[in-house]
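Asks: Each chain is listed here by its residues.
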Amino acid sequence: MDLQGFGAQLASGTWVTVQLALASMACAVVLGLLGAAAKTAGPAPLRWLGTAYTGMVRGLPELLVILLVYFGLAVVINRVASALGFEGHIDLSPFVAGVIALSFNYGAYMTEVFRGALGTIPPGHREAAQALGLGRWRIFRRIVTPQMWRIALPASGNIFLSLLKDTALVSVVGAQDLMRETAIAVGYSKQPFTFYLAAAIIYLGLTALATLCIHLLERRTTHGIRTLEG
Amino acid sequence: MNWQVMIDSLPALLQGARVTLELVVLSGVLGIMIAVPTAMARVSAHWWVRALPVAHIYFFRGTPLLVQIYLVYYGLGQFEVVRDSVLWPFLREPYWCAIIAFTLNTSAYTAEILRGAIQSVPRGEIEAAQAVGMSPALVWRRIRLPRAFRTALPAYSNEVILMLKGSALASTITIMDLTGVARTIIARTYTPFELFLAAGLLYVAITFIILGGFRLLERQLTRHLRNA
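Chains as they are written, first to last, in the numbering used here: chain A, 1 to 230; chain B, 231 to 458.
Please note that a few of the clues may not be correct.
What the hints assert, rightly or not - Computed spacing ranges between beta-carbons, pair by pair:
#1 Leu22(A) / Arg372(B): 27 to 35 Å
#2 Leu212(A) / Val259(B): 33 to 41 Å
#3 Pro376(B) / Val80(A): 39 to 47 Å
#4 Val80(A) / Phe309(B): 46 to 54 Å
#5 Arg380(B) / Phe86(A): 55 to 63 Å
#6 Leu321(B) / Ile184(A): 18 to 26 Å
#7 Gly5(A) / Gln234(B): 50 to 58 Å
#8 Arg126(A) / Leu240(B): 47 to 55 Å
#9 Leu447(B) / Thr120(A): 25 to 33 Å
#10 Ser350(B) / Arg126(A): 29 to 37 Å
#11 Glu87(A) / Met231(B): 18 to 26 Å
#12 Ser189(A) / Arg372(B): 47 to 55 Å
#13 Val255(B) / Thr120(A): 56 to 64 Å
Don't read these hints as lab results, they were simulated from the structure.
Just so you know, even glycine gets a beta-carbon here, dropped at the ideal spot from N, CA and C.
Construct the entire structure; sequences and hints are all you get.
Replies: Here it is, written out as structure tokens:
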């Protein structure tokens with residue numbers, strides 16, 4: 001495949017795509033933990049909020065959320081800022097807007113994954129820890145999370161794969177990711193099929209790499225767990 | 231919050247929602263038509279029958295939908311053969327390009343769902359059908375496919391929701407779907423928050439309607455499993 005010297009540009013776009021995916025996933029995991037905690041252990045209003053959040057996001061297109069954050073949230077932030085007496089103009093970079101939007105979206109999916117995983121931990125484990133006099137935070141960190149990761153990992157892996165593909169949407173608001181760099185290369189070379197195919201192959205490579213990493217992580221977390229293979 | 235602009239643009243947004251539904255239904259139906267033979271070939275015992283479905287499923291599930299849309303809409307025009315062909319009047323239109331990309335995309339996901347469902351049909355039922363002398367084609371038609379469709383239904387309802395969300399990408403190639411209409415109005419009124427929120431609420435409403443429809447269908451298909 002002849003990339004006509006645009007290889008370096010595609011590589012830098014790929015790097016931004018990877019950063020977008022990892023940053024959004026990290027925030028989505030935090031949001032997911034908070035959401036799962038709110039939905040399982042929180043007071044009633046927090047539970048309703050959690051249910052409304054996961055229910056809404058299920059039907060909201062990712063592209064719409066990205067547009068809403070990039071164009072809409074900026075307007076709201078500036079209105080609030082000027083109401084508070086702030087003089088300047090606050091701009092949301094496409095990258096930051098993308099991370100906010102994607103973590104908002106995927107945080108909802110992670111909430112459901114963590115909630116399911118939390119439900120599988122026997123209550124006896126927590127009671128035993130309480131009986132030993134451990135505090136709430138230490139029970140969460142030492143007893144609950146180590147068991148939760150293992151159960152949540154396969155589903156989280158699938159969610160990460162679709163998040164990785166959805167980072168392409170952030171190019172619509174102008175982030176310098178792989179899609180954007182490809183579009184620039186297309187503009188110069190007038191060879192859309194060649195370059196979008198190259199981008200597709202890079203995305204395939206990224207998903208393959210992510211699948212491999214998830215597999216390795218899964219092997220690590222199931223270490224010592226008996227499976228059918230023995 | 232400017233409520234008036236939300237109310238004023240409702241008719242235009244509903245018009246956009248119609249285009250969105252049209253895209254989802256048309257590519258959904260075409261996608262099932264491709265997915266069934268693809269899934270059947272995917273579970274074949276011969277590698278040369280499996281090869282094409284495996285490649286199709288791998289490519290369309292492993293790459294972003296946006297790349298697939300751009301490949302069809304911008305990419306195909308690179309080749310003179312395509313530009314000179316009788317299909318060019320279609321392939322030049324963003325609408326048909328979106329339909330082609332969505333159909334190929336959803337057919338890959340649907341085929342993978344169906345594959346799992348086909349493989350979960352109990353061996354004994356197929357053997358029983360063979361024992362009463364059904365031909366392979368009849369076993370497919372009477373036993374394996376009907377069983378698989380019922381198993382696949384809940385997962386397929388998720389795929390339809392994902393397709394609905396994916397259809398928003400049609401707005402990137404100038405189609406006036408729900409997202410496209412919202413973006414056009416915003417360019418005029420500069421009320422992004424209100425308009426995207428209104429569009430979002432409409433998407434959520436459509437999602438609930440689709441989920442409700444599938445729940446009814448599921449009840450209809452599992453009547454025999456419930457006590458009278």
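Asks: If you test the structure against every hint from before, which numbers come out violated?
Replies: When the structure is compared with the hints, numbers 1, 3, 13 turn out to be violated.
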